[in-house]
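Undergrad: Sequence:
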Amino acid sequence: MSDLWTGEKVRLRGIEPDDWEGFRALALHTVDARNADVVEPPRSDEGFRAWTAERAGRPPNPATYQLVIETRFEHAFVGAVSVGETDARAGRFRTGIEVTREHRRQGYASEATELVLTYMFAEQRSHKCEVEVYAFNDASLALYRSLGFVEEGRLRQHEFFAGTYHDVVLLGITADEYWAGRPRPSLR
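Each residue of the sequence shown is one higher than the last, beginning at 1 in the UniProt record's numbering.
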């Protein structure tokens, strides 16, 4: 593939104002919102429109960004992937992903994460990616482990929601671990 942001199944792109309905779909289910981050009070359709319009107008920033995941050929909204907490001195960054219910278990999350890792390791000279996953989120733990992430620790009773405290699992992958067995991007 000649485009770093396009895989076999998905394409990553900037947020557009019309993506508000996709982001609203991501926020509709309390369990899904909790697995990705935190449960927030309901937002109006106008609130989603304003949120996506504001993000669509932001200039690109390689240190912190959120991209839409869409199917490669149908251009259907699949979810979003983000990069943040970038530490250029240490060469670390964090990533996270959300996928709509109807697009799960189809390889989209894996491919989108690999596209982000390729960009950050091959273009931004990052050395390590870290993720935090709630200990009960078996699907996300399996996703990151399948990509080569290694469990580095556990923050016990770290987050409070749904009436109790929950552990957070810390996972990481270095650039060398990521490139082992994978082809590096081509110059052509």
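It is possible that some hints are incorrect.
Beta-carbon label-pair distances, calculated as ranges [said to hold, decoys possible]: (1) Pro41 <-> Ala76: 24 to 34 angstroms; (2) Thr6 <-> Gly163: 23 to 33 angstroms; (3) Tyr165 <-> Asp138: 17 to 27 angstroms; (4) Val38 <-> Arg156: 11 to 21 angstroms; (5) Glu74 <-> Arg156: 35 to 45 angstroms; (6) Asp18 <-> Arg156: 21 to 31 angstroms; (7) Ala76 <-> Asn35: 20 to 30 angstroms; (8) Pro185 <-> Thr164: 36 to 46 angstroms; (9) Arg145 <-> Ala50: 32 to 42 angstroms; (10) Pro183 <-> Ser44: 37 to 47 angstroms.
In short, the hints are calculated from the structure, not lab data. For every residue, glycine included, the Cβ atom is placed at its ideal position computed from N, Cα and C.
Undergrad: Next, verify each hint and record whether it holds.
TA: These are the hints, each one checked on the structure:
1. Pro41 <-> Ala76: 24 to 34 angstroms: Holds, at about 28 angstroms.
2. Thr6 <-> Gly163: 23 to 33 angstroms: Violated: the Cβ-Cβ distance is about 43 angstroms, outside 23 to 33 angstroms.
3. Tyr165 <-> Asp138: 17 to 27 angstroms: Since Tyr165 and Asp138 have Cβ atoms about 19 angstroms apart, the given range 17 to 27 angstroms holds.
4. Val38 <-> Arg156: 11 to 21 angstroms: About 19 angstroms separates the Cβ atoms of Val38 and Arg156, which means 11 to 21 angstroms holds.
5. Glu74 <-> Arg156: 35 to 45 angstroms: 43 angstroms Cβ-Cβ, so the 35 to 45 angstroms window holds.
6. Asp18 <-> Arg156: 21 to 31 angstroms: violated (42 angstroms)
7. Ala76 <-> Asn35: 20 to 30 angstroms: Because 21 angstroms falls inside the window, the suggested range holds.
8. Pro185 <-> Thr164: 36 to 46 angstroms: Taking Cβ atoms as reference, Pro185 and Thr164 lie about 44 angstroms apart, which means the hint holds.
9. Arg145 <-> Ala50: 32 to 42 angstroms: Holds: the Cβ-Cβ distance is about 37 angstroms, inside 32 to 42 angstroms.
10. Pro183 <-> Ser44: 37 to 47 angstroms: holds (46 angstroms)
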